[in-house]
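*Asks:* Now for the letters of each chain:
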Amino acid sequence: DGGITQSPKYLFRKEGQNVTLSCEQNLNHDAMYWYRQDPGQGLRLIYYSQIVNDFQKGDIAEGYSVSREKKESFPLTVTSAQKNPTAFYLCASSSRQKTGNTEAFFGQGTRLTVV
Amino acid sequence: AQSVTQLDSHVSVSEGTPVLLRCNYSSSYSPSLFWYVQHPNKGLQLLLKYTSAATLVKGINGFEAEFKKSETSFHLTKPSAHMSDAAEYFCVVSDRDTGTASKLTFGTGTRLQVTL
Numbered sequence: 001d002g003g004i005t006q007s008p009k010y011l012f013r014k015e016g017q018n019v020t021l022s023c024e025q026n027l028n029h030d031a032m033y034w035y036r037q038d039p040g041q042g043l044r045l046i047y048y049s050q051i052v053n054d055f056q057k058g059d060i061a062e063g064y065s066v067s068r069e070k071k072e073s074f075p076l077t078v079t080s081a082q083k084n085p086t087a088f089y090l091c092a093s094s095s096r097q098k099t100g101n102t103e104a105f106f107g108q109g110t111r112l113t114v115v
Numbered sequence: 116a117q118s119v120t121q122l123d124s125h126v127s128v129s130e131g132t133p134v135l136l137r138c139n140y141s142s143s144y145s146p147s148l149f150w151y152v153q154h155p156n157k158g159l160q161l162l163l164k165y166t167s168a169a170t171l172v173k174g175i176n177g178f179e180a181e182f183k184k185s186e187t188s189f190h191l192t193k194p195s196a197h198m199s200d201a202a203e204y205f206c207v208v209s210d211r212d213t214g215t216a217s218k219l220t221f222g223t224g225t226r227l228q229v230t231l
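These protein sequence lines map, in sequence, to chains V and C.
Under my numbering, the first residue of the first sequence carries the number 1, and numbering increases by one thereafter.
Under my numbering, the first residue of the second sequence carries the number 116, and numbering increases by one thereafter.
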């Protein structure tokens, strides 16, 4: 089945540690995205990538880093510089179109908790 | 600039009664509009989308939404609620012709509760 796989589902981090969240897709989509979800705030874009070896900052990129070495993979690292990392993180992908908007397809999310 | 407002943070209905989740948007261009559903600790699933074709859009699980440009609204409805509809619903807007999903703006969500 085609889809987006995020791992792990739950992640605990000690203060001062970096952690990496995995996102893999087999939908052959060019674009991939990372969102952060906090209660009552909807989803906010962290980083996105339109093509391999290229990525752009979203609205809340500070304290995060990404890489896009393969089309299928878009890992997100939450660094120690992120002051409030406890949240639900969602990875998404979409196909590229010449015109019009395309919907995003989402993974099941990773819940990160700082302990 | 684009924005989206979900007018109710929480809606409660009885099983078998109609559902109405309200969404108003603001966009500088002709927008694309989406409704997504999220069950607890899960990802988002697309219910339906409007991209300038028919103004009444039918989605999965019996949901539909009507694009009303004069009212800048895109309310989500369902004639008869089912217990399995209990979830969080997000209205999403995007200016058209970006070719990607990188300019989606999400509403803050409406939690739908369905009671017996």
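Bear in mind the hints are in silico, worked out from the structure with no lab data behind them.
Only a predicted model underlies this, so the values are computations on that prediction, with no experimental measurement involved.
A hint or two may mislead.
Each computed DSS-like pair below joins lysine-lysine, with the alpha-carbon atoms no more than 25 Å apart [to be verified]:
| # | chain 1 | residue 1 | chain 2 | residue 2 |
| --- | --- | --- | --- | --- |
| 1 | C | K184 | C | K218 |
| 2 | C | K157 | V | K9 |
| 3 | V | K57 | C | K218 |
| 4 | C | K173 | C | K157 |
| 5 | C | K218 | V | K70 |
| 6 | V | K70 | V | K14 |
| 7 | C | K183 | C | K157 |
| 8 | C | K173 | C | K183 |
| 9 | C | K183 | V | K71 |
| 10 | V | K14 | V | K71 |
| 11 | V | K9 | V | K70 |
| 12 | C | K218 | C | K164 |
| 13 | V | K83 | V | K71 |
| 14 | V | K71 | C | K218 |
| 15 | C | K218 | C | K183 |
Where chain C lies over chain V, by a calculated footprint (3+ residues, C-beta under 8 Å) [to be verified]:
| # | region |
| --- | --- |
| 16 | 70-77 |
| 17 | 103-109 |
The beta carbon of each residue, even a glycine, is placed where N, CA and C say it ideally should be.
*Asks:* Next, verify each hint and record whether it holds.
*Replies:* Going through the hints against the structure:
Between K184 of chain C and K218 of chain C, the direct Cα distance comes to roughly 20 Å. Compliance with the 25 Å bound is thereby established for this hinted pair. Between K157 of chain C and K9 of chain V the CA atoms are separated by roughly 10 Å; this keeps the pair inside 25 Å, and the hint holds. Distance hint between K57 of chain V and K218 of chain C is fulfilled; the C-alpha atoms sit about 12 Å from each other, no more than 25 Å. Between K173 of chain C and K157 of chain C the CA atoms are separated by roughly 23 Å; this keeps the pair inside 25 Å, and the hint holds.
Taking the CA atoms of K218 of chain C and K70 of chain V, the gap is near 23 Å; set against the 25 Å cutoff, the hint holds. A hinted pair counts as satisfied when its Cα atoms are at most 25 Å apart, and K70 of chain V with K14 of chain V does not qualify at roughly 29 Å. Between the alpha carbons of K183 of chain C and K157 of chain C the distance comes to roughly 30 Å, so the proposed pair goes past 25 Å and is violated. Taking the CA atoms of K173 of chain C and K183 of chain C, the gap is about 15 Å. The hint holds against a cut of 25 Å.
At roughly 38 Å between alpha-carbon atoms, K183 of chain C and K71 of chain V are farther apart than 25 Å, so this suggested pair is violated. With a CA separation close to 31 Å, the supplied pair K14 of chain V and K71 of chain V exceeds the 25 Å bound. Among the hinted pairs, K9 of chain V with K70 of chain V is consistent with the structure: their alpha-carbon atoms are about 22 Å apart, no more than 25 Å. Using a Cα cut-off of 25 Å, the hinted pair K218 of chain C and K164 of chain C holds, with the two alpha carbons roughly 15 Å apart.
Taken as a hint, the K83 of chain V and K71 of chain V pair is broken in the structure, with Cα atoms around 30 Å apart against an allowance of 25 Å. Under the criterion of a C-alpha separation no larger than 25 Å, the hint pairing K71 of chain V with K218 of chain C is consistent with the structure, at around 20 Å. Between K218 of chain C and K183 of chain C the CA atoms are separated by roughly 21 Å; this keeps the pair inside 25 Å, and the hint holds. Counting residues of the region 70-77 of chain V whose C-beta sits closer than 8 Å to any C-beta of chain C gives 0, which falls short of three, so the coverage hint is violated.
With 7 residues carrying a beta carbon less than 8 Å from a beta carbon of chain C, the region 103-109 of chain V meets the three-residue requirement, and the given coverage holds.
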